[in-house]
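**Q** Take these sequences, add in the hints, and give me the full structure.
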Amino acid sequence: MNNINDLLSGCRGPIVLGVIIGFLAAIVQGLTISAGGPEAYGFCALCHTRDLVNGILNIALGTSYGLAPVSKAAILPVLTMIGVLIGGVIAAKMSSEFRIKHAQIKDVLIYFIGGVLLMQFGLLFGACPYRAALRLGYGEVVALFGIIGIVFGVWLALALITRSFKGGN
Amino acid sequence: MAAGWISKELAVILVPLITLVSGCIIGYLAQKTGFCAIGGFRDYIMFRHTRLLHGFIAMIVTAIVAFFFFHMITPMAFENFPWLVTKGVLSSVPGAPADLSQMAYIILAVIGGIGMGAIGVYVGGCPLRQFVMTAEGSMKSLWFVVGMAVGSVIFYLVTAGFVVGLMKSMGL
Chain A
33 MNNINDLLSG
43 CRGPIVLGVI
53 IGFLAAIVQG
63 LTISAGGPEA
73 YGFCALCHTR
83 DLVNGILNIA
93 LGTSYGLAPV
103 SKAAILPVLT
113 MIGVLIGGVI
123 AAKMSSEFRI
133 KHAQIKDVLI
143 YFIGGVLLMQ
153 FGLLFGACPY
163 RAALRLGYGE
173 VVALFGIIGI
183 VFGVWLALAL
193 ITRSFKGGN
Chain B
413 MAAGWISKEL
423 AVILVPLITL
433 VSGCIIGYLA
443 QKTGFCAIGG
453 FRDYIMFRHT
463 RLLHGFIAMI
473 VTAIVAFFFF
483 HMITPMAFEN
493 FPWLVTKGVL
503 SSVPGAPADL
513 SQMAYIILAV
523 IGGIGMGAIG
533 VYVGGCPLRQ
543 FVMTAEGSMK
553 SLWFVVGMAV
563 GSVIFYLVTA
573 GFVVGLMKSM
583 GL
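Chains as they are written, first to last, in my numbering: chain A, 33 to 201; chain B, 413 to 584.
To be clear, the hints were calculated from the coordinates, so they are not data collected in a lab. Each residue gets a CB set at the ideal place from its N, CA and C atoms; glycine is no exception.
Simulated DEER-style distance windows between Cβ atoms:
no., chain 1, residue 1, chain 2, residue 2, range
1, B, Val562, A, Asp38, 38 to 46 Å
2, B, Met582, A, Phe184, 19 to 27 Å
3, B, Pro494, A, Asn34, 36 to 44 Å
4, A, Thr194, B, Ser503, 33 to 41 Å
5, A, Ala191, B, Leu422, 49 to 57 Å
6, A, Leu93, B, Gly573, 18 to 26 Å
7, B, Val562, A, Ile122, 22 to 30 Å
8, B, Met458, A, Asp38, 24 to 32 Å
9, A, Asp38, B, Gly573, 48 to 56 Å
10, A, Arg131, B, Arg460, 26 to 34 Å
11, A, Gln136, B, Leu422, 43 to 51 Å
Covered stretches of chain A, as calculated for chain B (at least 3 residues, CB under 8 Å):
no., region
12, 52 to 63
13, 78 to 91
**A** Next up, the structure:
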C-alpha cells in the first residue's frame with residue numbers, strides 16, 4: 033500500500049491517473065452509449081456537473097434545462113462528480129489531509145463568480161480540459177483548437193498576474 | 413444509433429451506477445496525485461515543471477489507444493471513431509449548443525478554452541481539481557462548485573440563447 037501511495041504522489045502519479053482516466057472513459061462510453069451518448073463523454077468535470085444539476089432539477093421541478101441525451105434517457109443523470117467527491121473525501125480522510133479551510137467573504141465572491149463564468153465558457157466549448165482530451169483522442173480536430181485556447185488562456189492570465197506584481201500590486 | 417456493450421434497457425438503469433463508480437476511482441486517485449490539467453499548463457509555463465502536464469498528455473495518448481482498441485472489438489459502441497475520418501476534419505463532437513456552423517464551433521472552442529484557462533489560473537485549478545479540493549475541505553472550492561451548479565442553469569436560461577443568436581446574427 034505504501035508503494036502505491038509513493039507512486040501516486042511521486043512524479044509519475046499523474047501519468048498513472050491519466051492512463052486510468054483514458055481507459056475508464058472509453059469503458060464508460062462502451063457501457064453507456066446505448067442510453068444515448070454523445071460520444072467521447074465518458075468523463076467531463078463540467079458537462080457531468082451540468083447534467084447532474086440540470087437533471088436533478090428537471091426531475092424535482094419539472095423544468096427542462098439542457099443536458100446530454102444519456103442523462104436525459106437514464107433514470108438518474110450521470111453521477112460522476114458525486115463519485116469524485118466521495119472518492120476525494122475517502123482519499124483525504126485516509127491520508128489525514130481532510131481539513132476544513134474556511135473562506136473569507138471576498139474569496140467566496142471571487143470563487144462563486146469564477147465558477148459561474150467558467151461554466152459559461154466551458155459549456156460554449158462543450159468540454160472541460162478532460163473531455164477536450166477525450167474528444168482529441170476520439171479524433172476530433174476542433175478539440176485541439178479548444179486545448180490551444182486553454183493554453184493561451186493560462187499564458188494570458190499568468191502574464192497579467194506577473195505584470196500586476198511587477199507594477200507593485 | 414450506437415449500440416453499446418449492454419442493451420439500452422439495462423443502460424438507462426445502470427448509467428448512474430457506472431458513472432458513480434468511475435467517479436469514485438477518479439476522485440480517489442485525483443486526490444492522491446493532485447491531478448490538474450490547467451495546473452499542468454501553468455506549472456510548465458511558469459517553472460517548466462512537467463509532472464502534471466505529463467498526466468494530461470498520458471490521458472490523451474491513452475484515450476487514442478483505448479478508443480482504437482475498443483473500436484476494433486466493438487465498432488458499434490465507438491461508431492464515429494476516428495471522428496475526423498468519419499465526420500470530416502472540421503466537424504465537432506456534439507456537446508456545445510446545437511445548430512451552428514463548423515466555423516462557429518471552432519470560434520466557441522477557442523473562446524471557451526481561453527476563458528477556462530484564464531479563470532482556472534485565477535482560482536488555482538481546473539474544475540476537477542476544484543471538486544477534489546472541496547473534498548479536502550476547502551470552502552473556497554466549495555463555493556466554486558456552487559458557482560458551477562448555478563452557472564449550469566444560467567447557461568440554459570441566458571448564455572446559450574444569447575451566444576447562438578449572436579453567432580447567427582454574424583452569419584455563422
